[in-house]
Amino acid sequence: MPIVSSTYTVGHAQANGSRYVRELHTWDDGSVSDIEYGPIMTEGKDLQAIADARAAQLEERAAAQEFEELIGGA
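For the sequence shown, this note's numbering gives the first residue as 92, with consecutive numbering after it.
Read the hints as simulated data drawn from the structure, not as lab findings. Possibly wrong hints are sitting among the right ones.
[Stated by the list, open to error] In silico SDA-like pairs for lysine to any residue, Cα to Cα no more than 25 Å straight-line:
(1) 136 <-> 162
(2) 136 <-> 110
(3) 136 <-> 101
(4) 136 <-> 95
(5) 136 <-> 111
(6) 136 <-> 115
(7) 136 <-> 96
(8) 136 <-> 120
(9) 136 <-> 154
(10) 136 <-> 158
(11) 136 <-> 155
(12) 136 <-> 121
(13) 136 <-> 163
(14) 136 <-> 92
(15) 136 <-> 156
(16) 136 <-> 109
(17) 136 <-> 147
(18) 136 <-> 161
(19) 136 <-> 94
[Stated by the list, open to error] Distance ranges between label pairs, derived from CB positions:
(20) 130 <-> 162: 16 to 24 Å
(21) 127 <-> 157: 32 to 40 Å
(22) 105 <-> 137: 33 to 41 Å
Please read these numbers as outputs of a predicted model, since none were measured by experiment. Virtual Cβ for every residue (Gly too), placed ideally from N, Cα, C.
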């Protein structure tokens, strides 16, 4: 089951300028994986690239879990 969309939003600045980041990854069945991390310094970071890399990790985990369920049920 592939992820069809990955977006992010950046929260308000903390006292030190860092921010929380929230990623939403939408799967092809309409379900959403919601991930929040931080606070991090966001200046100069490619947050879309980070979200895209996380989407690949989520898909890999989902495929591994599906595989385990298939062979575990045999």
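Please write out, lowest number first, the hints stated earlier that are contradicted by the structure. 1, 8, 9, 10, 11, 12, 13, 14, 15, 18, 20, 21, 22
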